Amino acid sequence: MNPKEILRKIEKSKEDYSKKVEREMLDRVTYGAKETLDYFTRREAKGYTSKETLEDIERAKYK
Amino acid sequence: MATVDLAAVSAVLKKDIYPALVEAIKQDTLIYQIAKKSFKPQKFVNNNFYVPVQVGLPAGFTSWGTTGTPTVNKGKVQPISAQFSPVQSTASFSIDKITLDSGKGAVIDTLEMQTKGIKDLMTRMLNFGLWFGNGSTTPFYANGAATQSSTTLVIDTNREVDNGDIDYAVYIPVGSTIQIGTNDPVTVTAHPDKNTLTISTAQTWDDNDAVAVLDGDGNTQTYLNGLLNAVGVETYAGIDPSTYVEWKSYVDSPASSIALTLSDIDKAHIEANQFGKVKYTITNKTLYNKFLSLLTAIRQVQVTEKPVFNGGWVGVSYMGHDFLLDYDCPSDTVFHLTPDDLALAELAPIDFLPGNEGTLFKAYGKTEWEAILYTSYQLVAFNRRSHARLEKRTA
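Quick mapping for you: the protein sequence lines, in order, are chains P and H. Heads up, the first sequence stops at 63 in my numbering, and the numbers go up one at a time, no gaps. Heads up, the second sequence stops at 1395 in my numbering, and the numbers go up one at a time, no gaps.
The following block holds chain P by itself, in its conformation from the complex (with noise of 0.2 Å):
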């Protein structure tokens, strides 16, 4: 390999890891925030005011 496709390996390699953990990092925020309000609107339906601990939204979720 010459340096520049050396180079741009060595670049790729790391744009690609970038992309991949800022992805997954999005995924986990879209799906997780998209739980946690479901279950709080599902509680408010219930009639539940209080607010709760983040143990026990926790416990809910994955019961």
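The reader is advised that the hints may include incorrect statements.
[Stated by the list, open to error] Pairwise CB distance ranges, derived in the manner of DEER restraints: (1) P:E35 <-> H:T1152: 45 to 51 Å; (2) P:E11 <-> H:T1243: 41 to 47 Å; (3) P:R23 <-> H:A1007: 48 to 54 Å; (4) P:D27 <-> H:L1262: 41 to 47 Å; (5) H:S1176 <-> P:R23: 28 to 34 Å; (6) P:E11 <-> H:D1120: 15 to 21 Å; (7) P:R23 <-> H:S1317: 25 to 31 Å; (8) P:R23 <-> H:A1363: 27 to 33 Å; (9) P:E35 <-> H:L1262: 52 to 58 Å.
[What the hints assert, rightly or not] Some chain P residues near chain H, calculated using beta-carbon distances under 8 Å: (10) M1; (11) P3; (12) S13; (13) D16; (14) S18; (15) E22; (16) M25; (17) L26; (18) V29; (19) G32; (20) K34; (21) L37; (22) F40; (23) T41.
[Unchecked claim] Coverage of chain H stretches by chain P, computed from C-beta distances (three or more under 8 Å per stretch; other residues unrestricted): (24) 1266–1275; (25) 1364–1371.
For the record, the hints were derived by calculation from the structure and aren't laboratory data. Here the structure is a predicted model, which is why all the values come from computation and not from measurement. Positions of the beta carbon are idealized from the N, C-alpha and C atoms, including for glycine.
Guided by the hints, dock chain H onto chain P, whose structure is given.
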């Protein structure tokens, strides 16, 4: 459309966004990859912490003579402690009432967009601190005077060479409040060109006037004591190399810029390896390209197949260690680093500050809420001789 409750947004920030964001920042930021992470600083005095460092042979014992009471050299030979001050980095989410009233879809879109923005900002500031932070409040300077009032400010870091690959202006985001020399504070309103900022009010200044970024109280921000200081020959962490000659790195800094050579890279590596185990050599793109040209002229080169760090960095193996590329590394510099002698002291690991509504604060005078991501940390070099640096190098 049902209004989204603040408690629900706060829960999303803490439970869903926080772990995803922190993991992404840590994977994409060299400081978290290169330095030991298990280091917990102790012995706090006046917002400083102290780390015993070896600057010569260990003292071992003090000679007490034969009289039982020392008459000379009483307590003179003792371990030396390096002194470090933690610095703080913050980034914030904000969400307004209209978005909350617009329902879940709008809230999720807003949070997703801001998560991406905050990850980019934190990564950028942590990288800048690692490579350019000088442990002071003014790593930026005016490049050229404005004798007539002007709103166009060109900045640099006052180093002697041109750092061609880096746009310093990205480290002072639009919206920041800055102070040029002793002028009144002004707001950055635009980043129209490389290294160039537009400020809100026309001012005059001199060439090389310090440019400080201010916090919400009008105080100047202090930057990390980064690798340009840690791998250096000046006083670092309160210890002067003119008192302890062991407390300095091998720095090859010619009077004026010269072309990069493999023999200079090798010499610096050998100098550092006498006192440590160099594992990484890092340059930016310009010098990396030059290094590859020099290396491929004499031998075949293979790119490391497995990433060297968790964050996707690959490089080439050279003299038994990894030669890596990092875009934020100063353009004229080659660093040889012994990671065993570097630590990241996290006094407050990245987390949301507690607010009035879980993680959210009501923004002053606005129908808007804000969550602040905060970390307090410092880079610690236990040993300076096990690292080396070439500077003023050109392709």
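A quick look at each hint next to the structure:
Against the hinted window of 45 to 51 Å, the Cβ-Cβ separation of E35 (chain P) and T1152 (chain H) comes to about 48 Å, which satisfies the hint. Between E11 (chain P) and T1243 (chain H) the beta carbons are some 44 Å apart, a value that agrees with the proposed interval 41 to 47 Å. In this structure, R23 (chain P) and A1007 (chain H) break the distance hint of 48 to 54 Å, their C-beta atoms being roughly 29 Å apart. For D27 (chain P) and L1262 (chain H), the Cβ-Cβ distance of about 44 Å falls inside the hinted range of 41 to 47 Å, so the restraint holds.
Here the CB-CB span from S1176 (chain H) to R23 (chain P) is close to 29 Å, well matched to the stated 28 to 34 Å. For the pair E11 (chain P) and D1120 (chain H), the beta carbons lie near 18 Å from each other, so the given range of 15 to 21 Å is met. Between R23 (chain P) and S1317 (chain H), the C-beta spacing of about 29 Å keeps the proposed range 25 to 31 Å intact. Against the hinted window of 27 to 33 Å, the Cβ-Cβ separation of R23 (chain P) and A1363 (chain H) comes to about 31 Å, which satisfies the hint.
Restraint check, E35 (chain P) to L1262 (chain H): a C-beta distance of roughly 55 Å satisfies the suggested window 52 to 58 Å. With a least beta-carbon distance of about 7 Å to chain H, the hint placing M1 (chain P) at the interface is held under the 8 Å criterion. Annotation: interface hint on P3 (chain P) holds; nearest CB of chain H at approximately 4 Å, less than 8 Å. The restraint placing S13 (chain P) at the interface with chain H holds, with a minimum CB-CB distance near 4 Å, inside the 8 Å limit.
Interface hint status for D16 (chain P): upheld, as the beta-carbon distance to the closest one in chain H is roughly 7 Å, under 8 Å. Interface hint at S18 (chain P): satisfied, since its Cβ lies 6 Å from the closest Cβ of chain H, which is below the 8 Å cut-off. Against a cut-off of 8 Å between C-beta atoms, the interface hint on E22 (chain P) holds, since the closest Cβ of chain H lies about 7 Å away. For the restraint placing M25 (chain P) at the interface with chain H, the shortest Cβ-Cβ distance is roughly 4 Å, inside the 8 Å limit, so the hint holds.
With a least beta-carbon distance of about 6 Å to chain H, the hint placing L26 (chain P) at the interface is held under the 8 Å criterion. Given hint, V29 (chain P) at the interface with chain H, holds; its Cβ is 5 Å from that chain's nearest Cβ, closer than 8 Å. Hint on G32 (chain P) holds. Least Cβ distance to chain H is approximately 3 Å, under the 8 Å limit. Taking 8 Å as the C-beta cut-off, the interface hint given for K34 (chain P) holds, the closest approach to chain H being about 6 Å.
For L37 (chain P), the interface hint holds, since its Cβ comes within 8 Å of a Cβ in chain H; the closest pair sits about 5 Å apart. For F40 (chain P), the interface hint holds, the least distance from its beta-carbon to any beta-carbon of chain H being 4 Å, beneath 8 Å. A cut of 8 Å between beta carbons decides the hint on T41 (chain P): the least distance to chain H is about 7 Å, and the hint holds. Coverage of the stretch 1266–1275 of chain H by chain P is violated in this model, with 0 residues showing a Cβ closer than 8 Å to a Cβ of that chain against a need of three.
With 0 residues bearing a CB less than 8 Å from a CB of chain P, the stretch 1364–1371 of chain H misses the requirement of three and the coverage assertion fails.
Consistency with the previously given hints fails for numbers 3, 24 and 25, ordered from lowest to highest.
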